[in-house]
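Colleague: Protein chains in written order, with our numbering: chain R, 1 to 159; chain C, 1 to 159; chain U, 1 to 159; chain Y, 1 to 159; chain D, 1 to 159; chain L, 1 to 159; chain P, 1 to 159; chain B, 1 to 159.
Treat the hints with care, since some could be wrong.
To be verified - Stretches of chain R that chain C covers, calculated by requiring three or more beta carbons in the stretch to come under 8 Å of a beta carbon on chain C:
1. 30 to 37
2. 48 to 54
3. 64 to 72
4. 86 to 99
5. 139 to 150
Stated by the list, open to error - Here are the in silico distance ranges between beta carbons for each label pair:
6. U:K78 to P:E158: 56 to 64 Å
7. C:D60 to B:D128: 43 to 51 Å
8. R:D27 to C:F84: 53 to 61 Å
9. U:D7 to C:F84: 39 to 47 Å
Just so you know, these hints were derived from the structure itself, not from any lab. Note that the Cβ used here is the ideal one computed from N, Cα and C, for glycine as well.
8 protein chains.
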Amino acid sequence: MAKFRLDEVDHQILDILIDNTRTPFTDIAKKLKISAGTVHVRVKKMEEAGIIVGSSLTLDYKKLGYAFIAYVGVFLQKTSQTKFVLERINEIPFVTVAHVTTGKFNIFCKIRAKDTEHAKQIIFELDDIEGVYRTETMISLEESLNDKKRLMHSIFKEL
Amino acid sequence: MAKFRLDEVDHQILDILIDNTRTPFTDIAKKLKISAGTVHVRVKKMEEAGIIVGSSLTLDYKKLGYAFIAYVGVFLQKTSQTKFVLERINEIPFVTVAHVTTGKFNIFCKIRAKDTEHAKQIIFELDDIEGVYRTETMISLEESLNDKKRLMHSIFKEL
Amino acid sequence: MAKFRLDEVDHQILDILIDNTRTPFTDIAKKLKISAGTVHVRVKKMEEAGIIVGSSLTLDYKKLGYAFIAYVGVFLQKTSQTKFVLERINEIPFVTVAHVTTGKFNIFCKIRAKDTEHAKQIIFELDDIEGVYRTETMISLEESLNDKKRLMHSIFKEL
Amino acid sequence: MAKFRLDEVDHQILDILIDNTRTPFTDIAKKLKISAGTVHVRVKKMEEAGIIVGSSLTLDYKKLGYAFIAYVGVFLQKTSQTKFVLERINEIPFVTVAHVTTGKFNIFCKIRAKDTEHAKQIIFELDDIEGVYRTETMISLEESLNDKKRLMHSIFKEL
Amino acid sequence: MAKFRLDEVDHQILDILIDNTRTPFTDIAKKLKISAGTVHVRVKKMEEAGIIVGSSLTLDYKKLGYAFIAYVGVFLQKTSQTKFVLERINEIPFVTVAHVTTGKFNIFCKIRAKDTEHAKQIIFELDDIEGVYRTETMISLEESLNDKKRLMHSIFKEL
Amino acid sequence: MAKFRLDEVDHQILDILIDNTRTPFTDIAKKLKISAGTVHVRVKKMEEAGIIVGSSLTLDYKKLGYAFIAYVGVFLQKTSQTKFVLERINEIPFVTVAHVTTGKFNIFCKIRAKDTEHAKQIIFELDDIEGVYRTETMISLEESLNDKKRLMHSIFKEL
Amino acid sequence: MAKFRLDEVDHQILDILIDNTRTPFTDIAKKLKISAGTVHVRVKKMEEAGIIVGSSLTLDYKKLGYAFIAYVGVFLQKTSQTKFVLERINEIPFVTVAHVTTGKFNIFCKIRAKDTEHAKQIIFELDDIEGVYRTETMISLEESLNDKKRLMHSIFKEL
Amino acid sequence: MAKFRLDEVDHQILDILIDNTRTPFTDIAKKLKISAGTVHVRVKKMEEAGIIVGSSLTLDYKKLGYAFIAYVGVFLQKTSQTKFVLERINEIPFVTVAHVTTGKFNIFCKIRAKDTEHAKQIIFELDDIEGVYRTETMISLEESLNDKKRLMHSIFKEL
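So that you can see chain R by itself, here it is in the shape it has in the complex:
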């Protein structure tokens, strides 16, 4: 699959936006010594190419009462149920990430919960999805790093 080609300007625009998506285009234009219209066109183009999928807030989940993070490995009865089970998992808002994986698990999820009791409820919900055979949970004692900005800067530097 052919990759979209970002040039130096695209790269610099993204580099600014990933640190603060609300940076006004006029500020970006001034910094990069280009017109605000160019910024607008470039961002639009990257959105249309599907490079920029959207934007979101980074919230402090602890302050919102969601301090409990766990990883849940899901074993299925048959892999043919993968798609169906993923749709059920998708209905549980406390599951924020889900991967089809190699190794011992069929599906590997990340959940955010209020506390042990709440985590238990979510795990039980996962366990009760039809086709789920067993789950295994690993609890996070500390989220030490959760930052895609370093990756993005690194990607843009290289392109």
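Position chains C, U, Y, D, L, P and B against the provided structure of chain R, taking the given hints into account.
Modeller: Coordinates of chains C, U, Y, D, L, P and B only, in the frame set by chain R:
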């Protein structure tokens, strides 16, 4: 630790911003039938309280040539090395998430790489950090879900 | 959930009672230089608040012929059976502790038996509960520590 | 090792005391239609024989802010360090139970903590004991059963 | 269960017989300076008490073309099937030892086979017993020790 | 390696001796309708060829106070230590079988002990051998089968 | 089973052919100072004896777009299904090797795929074979060695 | 990396050669209705492009006395030793395949040996390489499939 109290208006503002952080405050004001100044004040307040930590773009990593995702479990020689090792991990931009965990691993990481060869290099870098005893890797065959918006909406509905 | 507030006097009373529940209230009163009535009121209050749940003897199980301790991890067919299985487990008096756990087991039990033969019978009883899929047993070679008093003193010191 | 022989009266006395250690000896005497002196003599005898080791309160740890229970498996570098490590473990009041075990772990502990953060500190303390090679933690989502009274009644019925 | 009491003479007789069961009683008598009749009586007594169960040859299996030894762990679907499965296992002459065990397996067997191909057939026979859910095999690269005589001598020295 | 060829007569002699090593040669001769001298010659020949290694008693270990059986998997630091460690293991009489194995363990042992406490001592002795890195123990709840006679009969039938 | 006896000349012919199967027989004849007819006869004889099964090209799979190698462990529901499942596996051309194994897996396969996505499809195909209970995948980060020539030379040197 | 483009003719030539590398070019030419010179040119081109790496015989290892196949997982002390250890492994001709892998092992090998005893020697050689921490072996009971021709045909069909 006392939790910050968000009222109905805060909640509605967040609910709009998490879907698009670039929504102009005047649009939010119109929708919620409040003044743009109020929106501004509320957002500022939530930023100062540390609820809103920042904002970021959601990019399509596949289109950027980073289609390979793996989870790497890290075993340490001594847990007293945890802090030091996390600092070293933090220097590898391809590690986007790292947790101190219970269970068999001491630290659990998520990495994004270009391909198998690149993943090997990153895993070898992790393995060569002083204090790291062994690593175990689980490869993602498909990222089926990566979405915190459903969680956020669910949190705000409940608050 | 709001925690019951224990003051310095409550703390000192508990600190005495956890070492010997049969200490007469008059002795406690003398030690703490308060009236026996106060001791009585405070204990009653802590019982009503559910802080003090009861009292029990510490017996030497080895001397009673129950020297064999094992931990049994229980795998269920479906977590929806957890409640039902716990009720069945509750009917086996030789199971003294049972937890719903994360990790590889669904339920984790502690059993006390007379010897290997008796342990086998108890494990077989657990295995034959409807909904139990498999069990895994870890045998204690020596109970080196079983003492909640240090914890209690530590809690009261801190409160 | 010769087992102490308890007769029917000892058994009935224990049966009452394990439900409430504070039951006055006169009440026990009345119930069993024996003299209070006899109760006193029998209890003394069982204490001297080491059958009754002591008495303690049953407290509600959740209400005291200690809702977090975990089991920690400890791997040693050499089993010759077992005694030394157990002495160090004994200095951590949040470890309430410790066993020398067969199977994958050398020592198996139960800990009670305030929350995830506190548990992390305790696990790190265990991990940093000299001679401890690694630990593995299993977190309790619910303490469903913790009751030695059923066992005791069962023992006395049988004797 | 009361243990049969062996005296010094019994012990010395056993000590000779375990090294060579065919030692004539007259030789034993001469060595121990007792009458052959006494030897006869003692052996008979130990047979009746069930201490001596029988005698057997020690053969060199390698020379007989049975050089392949493996340990097979058997998982059952339900432990209630243990007795039935053991009866089936008992019909396979190449299984020389079988134990009901704690830990991950329900039943643990030792097999002797001619070669890899023969071992495969035996393992498949075990796997096809009704109630057997799965097996796991560990192959012996060398039988370094198979000797109960040292144990017996050690027992008799101590008695 | 050329295998020793047993003929029909050898086979019949062994078949009788494996059930009772003390069967007089005259009895065997009568049964097989050959001379006692022939029996003698044949047994001698099989001993010289190393087919018959010796003979031993089968004792009831439970009656002798050795009811506790466990399997101990030994991990070495380096396989080059295998020979040395096997020599140390050979000095512990309570280890009756030891194999160099494939799979997770380097050496796999069977031990017979008096009880849990005794087993602990033996396991600790194994663990303290220089070069032994860790051990894992699996306890037998019941020795359901320990019989090489069926194997021997099966071998002779086939030859 | 009697092994075919290769003489020095056979050995030298094979030693040349395993490095290049297309070496003309006349070249081999010249090198070994024998007639081309002899080479022809010997090769024919080794083909008829089933020593030489065939010949094949060694291709560079990376250059052909098949850079992804994985090992897949297959668990069956019953080993009696082994033959049937192997026939199904045989229909998937991307599985290049399959073994019936001891240890945790029933069947162990090697697959070659184009990329992660393709590997997922192949694994799912394996998982959906009737009788397959679960699979576990281990991904190759680098094929460092794949060479049977050293083995063959070593065999011929020794014969 | 740009892939070499094979056309329909290349494909047909390979398709014939992978089944028998000794097929004379004139036969191929006749079959495909092209000149022998063209066949020659195409094969040369594919060799120069590195698509065709070489050719080899397929031998029957069982008939050559090498019936024992095992997979050996190698754990390293540090991944930085990977290259060094692979060089050592490369000196053991009985290791025919070696991969750097994800999952529990650092390196995963396939070995071919004469029998159990020979396999033990090879495994011990692997274990004694400097930097190798432990190995785990899985023994093949039957090589059910070892055939890259189906893969090759499938690749050429698709190109």
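Colleague: Confirm or reject each hint.
Modeller: Results of checking the hints against the structure:
1. 30 to 37: Since 0 is below three, the answer is violated.
2. 48 to 54: holds (count 6)
3. 64 to 72: holds (count 5)
4. 86 to 99: holds (count 10)
5. 139 to 150: This one holds; 12 residues, not fewer than the three required, reach chain C with a Cβ under 8 Å.
6. U:K78 to P:E158: 56 to 64 Å: Holds, at about 57 Å.
7. C:D60 to B:D128: 43 to 51 Å: With a Cβ separation near 49 Å, D60 (chain C) and D128 (chain B) satisfy 43 to 51 Å, so the hint holds.
8. R:D27 to C:F84: 53 to 61 Å: violated (39 Å)
9. U:D7 to C:F84: 39 to 47 Å: holds (43 Å)
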